[in-house]
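Listed below are the residues making up each chain.
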Amino acid sequence: MIDYLIFGTIIGLLFHGIHRKVIARIQGRPGPPIWQEILHTLKFSFKQTWIPKTASQTLFVWVVLVAIGIWSAALIVLVTEGSILLLFGIYMLHKIVEHGMGLSSGSPYGKFGAIRSVMSAASELPLFATVGAIYLFTGSLLLTDILAWQSAHGPLLIFAFPAAVALYVVILSKMHYSPFAIIESKEIVSGNMTEHFGVWRAGLEVAFALKTYVLLFAFVLLFLGPLPLWLVLAVMLLLLLSLSFICAFCPMLSPYDTVTMQSLTMGIVAVYIVIVGVILA
Amino acid sequence: MKRREGRGTRISRISRTISELENLAGLYAVLFIAVTLIGAFTLPSLLYQEDQLYPKTIDTNSSLNPYERGGTPFNTTEVRAQYPENSPYLGYVTAYLTPVTRFIADHTPYLGTTIVAHPGGIIDEILYNTRGLDTVAETSILFVAFAIAAHLFRRED
Amino acid sequence: MFELPVTTIEGPEIFVIEFGDIVNYFTVYTAALFTFALLFTILVIISRPERQVDIAFGGDAFYTKDVTPAQMKFQRFMALACGLATLGAMMSGDVFNFTLFTSMVGITNIGIVAAYKYKHVLNAAFQYGIVAMIATVPLFGSAAIILATTGTLSMWELFGSTIAVPLIAKIFLVLGVMGEGMAPFYVAKAEITRAPGAPYVLMIHVSSLLLFLRVVEIVISM
Amino acid sequence: MEEIYILGLLAVFLSIVIGFWALVKEEDDLHRILLTDLAEILALALIALVATDLAEALILPGLVVGISELMAISEVFLVREGLTRQPERMLHIEVMDSAPAILALALIGYGVLLSGFSGGAVAGIGVIFYFICKGHDERFAIFEVLSGYAWVMWIVAFFIFVLVPQYWFFGVLIAGAAILLKVAGKMSLVGTMRGGANV
Amino acid sequence: MSVEFFLGIAILVIGTAAAAFPRPKTYLTRLINLEIPAWGLLLIMLSFDETLALLTFIAVTAISTFVIVRVVERRGAA
Amino acid sequence: MQEGETKMIEALLYAFAGIALIGTVSAASMRDPFDKLIGIGVIAAGVLPLVVYRGYLDVAVAVALIVPVTTIIVLLVCRRDAR
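Protein chains in written order, with my numbering: chain A, 1 to 281; chain B, 1001 to 1157; chain C, 2001 to 2222; chain D, 3001 to 3199; chain E, 4001 to 4078; chain F, 5001 to 5083.
Calculated from the structure, these hints are not laboratory results. Among the clues, some could well be false.
Example chain D residues on the side facing chain B (calculated, C-beta under 8 Å, incomplete) [said to hold, decoys possible]:
id : residue
1  : E3002
2  : F3013
3  : S3115
4  : G3176
Far from chain E by the CB rule (all over 10 Å, computed), these chain F residues [as the list claims (entries may be wrong)]:
id : residue
5  : T5006
6  : R5054
7  : I5066
All C-beta atoms in this analysis are idealised placements derived from N, C-alpha and C, irrespective of residue type, glycine included.
Please build the complete structure, drawing on both the sequences and the hints.
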């Protein structure tokens, strides 16, 4: 299992680097080298580490461990082909990590980040629409069954396109620099990560790399079905590039606008599911 | 659509509405009304299940009316629980009458509710025995709610 | 004796606890949620609140908000109650029991923030409380409709394929949990979280997210 | 039964639409509290329509949830508005001198006889009524401790039912007494919470 | 079926309308109007012979009336 | 019970139902709080016989005791408005 985790982390960090590079090139800047994020993480691991005096110390540290823990668990669920409900449950719990991270420090910037994170919790809702749609088609939420269904009938991307769009929006809202990334927008310094330095930051970088890897991987598995590893990675990269394009071109939305946009997505997908449910039933 | 000063696009107007704290209850109510209206159209398709748990049987001649469920004290009686096998002493509470209530029951046919509310009886059977966890949750809610009220009330001094 | 009718949604069951008619259970999924709730409940007990720093804009002054011990004790008690209610909701195997625990979560959430004197926090708590109260209509309504149309409240029966739960009851259930846990109406909750006392305030968030995860499982399984 | 149920549901749904529409229109916060009380009635009506003993057993917890939330919310409202001052006594009618002792006694006595939730509520209203009319000395802490112990007693009774069901008889008696004490205690505390010189 | 049931739902609906849109829109009128749907619910419970629930409901309604009165009188005093 | 007697009681039932309904309408339409309270009293007068008819005397007694208490509680704020 540990080899999966290390592989996932490294690929995830690499993806973050590529993401930054692509955005920079689109915007006409040279940008950092693509392995920059890996170096970053290594650098943070050896820097001085401290806990702010105003922080709620236990929570401040615990949150980092929880972040790594849940995303490792998510990867394990994916690899062992468990229930995707569990996977998305973990995704929801990530919200708590973001929130706890910001609030625990006592810093006003962290607090703003945390509050925005709570506010934008509507971004999780399309996820359930996705789960519902997949269940309607496959009759199961175990990844094994979903993969088997796709081998038999063809990729879900065709059958449940709106659900795929919903998941895409969800992934988009979790990318750095995305139009929905209000919790780490620059007017509040680094948002909820402002006070986490040194080893804590390195831990968070690892967790977020895993997160990116897991989300992209899940998208491929859920909507394209079983593919050989190299093809999976290639598709993930393509997906990432499309996300980077959007991130590069779109300005960041104002906090409440992101909520509205995400809720509207949710509403549309919900209507779609009710229609599909009625037709299939 | 046209942008006008101070109004913004349609989306930002929606955003402004949902960001107002005072609109919260109204928003929820609108959502609920919408669901209820849709639900009202599906009403004819709802079927009342005649085969219910703990059905009511009315025996107007009994002094325990409307809660006459049969049985003799310290013995069991027929009760339609969900999982009778989980409650080995099912029916004992239903059948039990305290001496006081037994006395009342022997003398007047009109106090069935009082008799059954006194310890024993079908409702106690459900509340304490078969669905005791509900009562745990419920008394805890009262406990917590009162703690909030008392804390707020006494904080001023 | 108890066999979960569907295992394709949340994985196999681990074990059951029987309380008369209410049979609670753990599957891989609910056990994971339960563990998470437990983790944060423990966290609430052992950690101390942070001291929020506020910046006075227009100058370079800043000050920290301190939480008084009495306030902290009350908040901790509420957070603990909230944690317990969440644990109850996670393992519940009965629809009505689940709704009761849900409303308990709603009320403890109000309690966690009600400890503060700041007017905007109290206002948020109040508006939230109003929604939590009216949400009991869809919440209990859904349990009642389920009981009337299927003749049972136990999830063990409802999850089986022979019983069709009306759509309106499902939607009511989701709507009710949304009201108690404030799922899409995060606006008030965002205001609430401005209150100091991070570990306790975090509990509000933990509880409502977990509730939502649970209700999705219930609704899909039914 | 079939048609009756559908008809009942239709009536309740209609009421829901009317009542919640008023909530949409409402802007005053105190009016909102009043409307939530209306919502409570509608929720109970939905349960009552099931018409079995089980429905009745569900109504009792539902009622207590409603009154608990109302209590907490109204207190939050008072603190938010800063209305913590005791209003001057504004009404004193003759019946408030003569009635309370006998009426309260009857209600409390009947409540104790009933035991359980129902008894707790009936006895609670008796105590409240007495406090309103006669004023009260502060016995807050004692009541609170008492009802705390009552809660523990109920939990004990619950475990008797779960773990040693052969002692169900003690379970019933403990539960009946504990819940009576708990509910009545909490409710009567509401009566003393109107505030006064000796708070 | 029974007179009580039909009377009950009629009173419930009328009462809800009255409580939702009280005519002089004051706290007091709304508070009093709230009693009307309560009677409707009481009749519905009576028609299904749920007397214990009925008894508890009427007692709890009295208590919740008191809780609201407590708020209203302070609001009036302010 | 004889045939005629049953009919008689049934007629009475409808009469009481009518009283309750009149009470409802008047309580809903009156504007003065005191008039409203009287309307509520009329509803009670119509409903109590229905309870008694079903044979639940204890319930009827309890309701008869609690309803005045509610009215007195409401009167606490009524007076203030009238002043």
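Supplied contact hint for D:G3176, tested at 8 Å Cβ to chain B: holds (4 Å)
Interface hint status, D:E3002 versus chain B (Cβ within 8 Å): holds (5 Å)
Status of the stated non-contact between F:T5006 and chain E (beta carbon gap over 10 Å): Since the minimum Cβ distance to chain E is about 14 Å, F:T5006 lies beyond 10 Å and the statement holds.
Per-residue hint verdict: D:S3115, partner chain B, C-beta under 8 Å: holds (6 Å)
Minimum Cβ-Cβ distance from F:I5066 to chain E exceeds 10 Å: violated (5 Å)
Reported absence of F:R5054 from the contact zone with chain E (all CB gaps over 10 Å): Its Cβ does come within 10 Å of chain E, the nearest being 7 Å, so this is violated.
Proposed interface contact between D:F3013 and chain B, which counts if any beta carbon pair is under 8 Å: holds (5 Å)
When each numbered hint is compared with the structure, violations occur for hints 6 and 7.
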